[in-house]
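Using the hints, put the two chains back together into the complex; each one sits in its own frame.
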Amino acid sequence: MEPLLYISNLEKHIMDDFHLGPINLHLEPGTITALIGNNGSGKSTLLKTIMNLVKPDHGNIKIDNKFVHGENESWKPLVAYQPQTIIGWNAFTGEILKRLIAPLYPNWDERLFQKMIELFDVPLHKKFSKLSQGVQQKLNLALTVPRNAPLLILDEPTSFMDIPSKKLLIDLLVDWMEPGNRSILIASHQIDDIKKLSDYLFVLHNGKMLGHFEKEELTSTYARFWLNDSLSDTSIPGEVSREDRMIISDNPAETEAFLEAMSIKWSNRSSLELDDIITILLNNKKKMGGIQHGSHVNSGRP
Amino acid sequence: MELPIKISKDSREPIYHQIVNQFKALIAGGQLPTGTPLPSIRALSKDLEISIITTRRAYQDLEVQGFIKTLQGKGTFVAELADDLKQEVKVSSVHKIMENAINTAINYDYNLEQIKDIFLEILHTYPKGKGDN
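Here the protein sequences come in this chain order: A and B. At position 43 of the first sequence (counting the first as 1) the number is 43 in the numbering used here, and the numbers step up by one without a gap. At position 46 of the second sequence (counting the first as 1) the number is 46 in the numbering used here, and the numbers step up by one without a gap.
Worth flagging that the hints you see were computed from the coordinates, not collected in a lab. Wrong hints could be hidden among the right ones.
[Said to hold, decoys possible] Residues from chain B shown here face chain A by an in silico Cβ test under 10 Å; the list is partial:
#, residue
1, Ser-11
2, Pro-14
3, Ile-41
4, Ile-50
5, Ile-52
6, Ile-53
7, Gln-65
[What the hints assert, rightly or not] Here are the simulated DSS-like cross-link-like pairs (lysine-lysine), alpha carbons at most 27 Å apart as the crow flies:
#, chain 1, residue 1, chain 2, residue 2
8, A, Lys-196, B, Lys-86
9, B, Lys-6, A, Lys-195
10, A, Lys-115, A, Lys-66
11, B, Lys-6, B, Lys-69
[Said to hold, decoys possible] A few chain A residues facing chain B, derived, Cβ under 10 Å:
#, residue
12, Ser-165
13, Val-174
14, Lys-196
15, Asn-268
All residues carry an ideal CB built from backbone N, CA and C; glycine is no exception.
Isolated chain B, as found in the complex (with noise of 0.2 Å):
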């Protein structure tokens, strides 16, 4: 099974990192449900083009804050989710991208003003219907 997961060289941020946290975005929003059957180490390290070494270790990160289980012998599986766990990852994950996107318009020379009618244009124009709730 390949995985809608795109690691990014270039990034700042840790490789084995960046897996952890696309993982756990993958499992909170749904798109992983619990049980489902994960790649072996081997096999996701080979399809991310980097060592066992990198991805043993967002493994065992994952494992120890109770977002995927290994059986023996059987493999790797994803865990049952509490419900305040999946919050925390949802909440956690929206301000990162915002805060990268109020990043970006800074080092853009934009102003926390003007970031804001940014932001506020782009909400105004997005489709009705889509975040209604």
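Next up, chain A with everything else stripped away, as it sits in the complex (with noise of 0.2 Å):
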């Protein structure tokens, strides 16, 4: 299938102290890919530099197969973004906003829009800046979704937003996403988007990318094992970390296959949560694999 964004060895040089890249991601139609990074590792940077906000030193970006750095803009109605700050709405309200984007896209659906408006609560005749951070994303989402581009590209949509909402999104996009020719990118800290809508997760770490990784994969690289008796300084094939008889390897057949040709006992086997393994990714640059695009590049250093 043809991808619906293509990033091809994608850099960026901010300042003096930050790059970006060399990223390559593909994103094909029908999935959810969530972008995860810890705080300033370039997440930001690269879904302004996919809405031609930010231009790139090198690299491409197609969606649909139409470049978007250049003359040519017939690429913009096919994608929805929502920035992690917008400015500019302070002074109007819901109401007038709605009048302003709506005409700009041609599927926009009201339907979803008062959908969501209704859902969230959202006062419509009140000024943006009088809402609360909250209020403001819920607005903000309920602006961006029902634009019905086939991309839809999300910048922690929800971090003010409280529990419920944030599964009423959930919920809300998993219907958005039926009609299979749709992508989402999200980038979010919260772990509930991660495991309940993401099928990818796209890993960022100080500006390199880690990898694009399917989630059961991922989850399926590493495994936790419970040793009968605590270990001298041996080192084990796979092993990340390691606290008493407790081990963490990534990779399991390996550590297995060791543990059993020198008669080490375990009584238990277990699999990670994504949470704990993006925390190994992260802190762990060192070893890494991605599995789409085989390009994975070296980290750890500034």
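What follows is the structure, given as structure tokens:
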């Protein structure tokens, strides 16, 4: 299938101290990818680059096979983007913002907009600046998702929202994906977004791409072993961390073969939760494996 | 609709396989009768907290094996099962559970004779009336 979003060898240098990339990423229609990274890893910069708000130094971005950084802007109606912070909306009410935005999108879904306003209980007559941060995010979502563009890009859309609203949004996005030809790229620190929504995880660390992982493949790459006895300093293949008799491995098959060969007994082997895996990925950048593009990048350099 | 499907991420059985087997048991056991609409791939992926890649693979397997059918634009439904297929699933699920139990006992160093005794003991204490047919 033709990717909806295609990023190749993207690089961007910002000031003296931040370098994003090289980034390679393909998003297929029908999939949801969570963009994950430490604070300051370049997630928002990457999303802005996709939206042509930041010019890259190298590399290409195509949306539905149309170059983003060119004269032709025919890709624009194909993306709906919700930035983390919005400039210029403060003086307007939700009602006015809707009247300004809706006509720009040929597939605007008025029913979905009304449904979201009702579900999230957003007052449309109040000025944007008078709304709490959580309600601003809700209104922002209601002004973004109903654009019904094939590619939906959300930059930490729920960071200020209450728990029930976050759950409502997950259900709403699940429904929104039903047509099967849409994609979502969502930068998020919310573990529920990652667990319940995402098919793929795209992980950034200090501007470097650590990998693009299919969720279950990533989960199956890690296991925790509880050994019957504590070990001396023997280093075990696959070992990424050890606490007394508990060992975490990023190559369970190799670890198990080694334990068997050395007749080291273990009482339990279990899988890791995604948040533990993300923590390991972001803390131990030395070992890594992306599954999709194969081009992993060394990291750990400042 | 939330289905009574539970996946274990610690199991060595691949997740898509666990889903396939549990659907088969629900369908052959009659809990999901012919024609029951099933959740979309995206909705089931959300409920089970897995990717659509895994769910799609499970649905494809179930469809190939004749347990479910997808009607374009309408969704996915439980298919009409031939009686011999139902029977086959019943036999194999019961066999599998017994095999698991025996494996567990062997891991605890019981021998076959002892396992047989345990089995008979449990059968003996089983409430009368249940399973008399």
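Worksheet item: Given B/Ser-11 as an interface hint, is the shortest Cβ-Cβ distance to chain A below 10 Å?
Response: holds (9 Å)
Item to complete: Measure nothing beyond the straight line between the CA atoms of A/Lys-196 and B/Lys-86; if it is 27 Å or shorter, mark the hint as holding.
Response: Violated. A/Lys-196 to B/Lys-86 sits at ~33 Å, over the 27 Å cutoff.
Worksheet item: Can A/Asn-268 be said to touch chain B, with a Cβ gap under 10 Å?
Response: At 9 Å from the nearest chain B Cβ, A/Asn-268 passes the 10 Å test, so the hint holds.
Worksheet item: Does B/Pro-14 pass the interface check with chain A, least Cβ-Cβ distance below 10 Å?
Response: holds (8 Å)
Worksheet item: Given the hinted pair B/Lys-6 and B/Lys-69, is their alpha-carbon gap at most 27 Å?
Response: Holds, at about 22 Å.
Item to complete: Closer than 10 Å between Cβ atoms is the bar; does A/Lys-196 clear it against chain B? Give me holds or violated.
Response: Cβ of A/Lys-196 sits 5 Å from chain B, so the hint holds.
Item to complete: Go through the hint on A/Val-174 and say holds or violated, using the shortest Cβ distance to chain B against 10 Å.
Response: holds (5 Å)
Worksheet item: Taking the closest Cβ pair, is B/Ile-53 under 10 Å from chain A?
Response: holds (6 Å)
Worksheet entry | Hint status (Cβ of A/Ser-165 to nearest Cβ of chain B, threshold 10 Å) | Violated, because the Cβ-Cβ distance from A/Ser-165 to chain B comes to roughly 17 Å (cut-off 10 Å).
Practice prompt. Go through the hint on B/Ile-50 and say holds or violated, using the shortest Cβ distance to chain A against 10 Å.
Written response: The hint holds - B/Ile-50 has a Cβ within 10 Å of chain A, the shortest such distance being about 6 Å.
Fill in: Straight-line alpha-carbon gap B/Lys-6 to A/Lys-195, limit 27 Å
Distance ~15 Å between B/Lys-6 and A/Lys-195 Cα, so the pair holds.
Worksheet item: Has the given pair, A/Lys-115 with A/Lys-66, been kept, meaning a C-alpha gap of at most 27 Å?
Response: violated (32 Å)
The structure is inconsistent with the numbered hints 7, 8, 10 and 12, although it conforms to all the rest.
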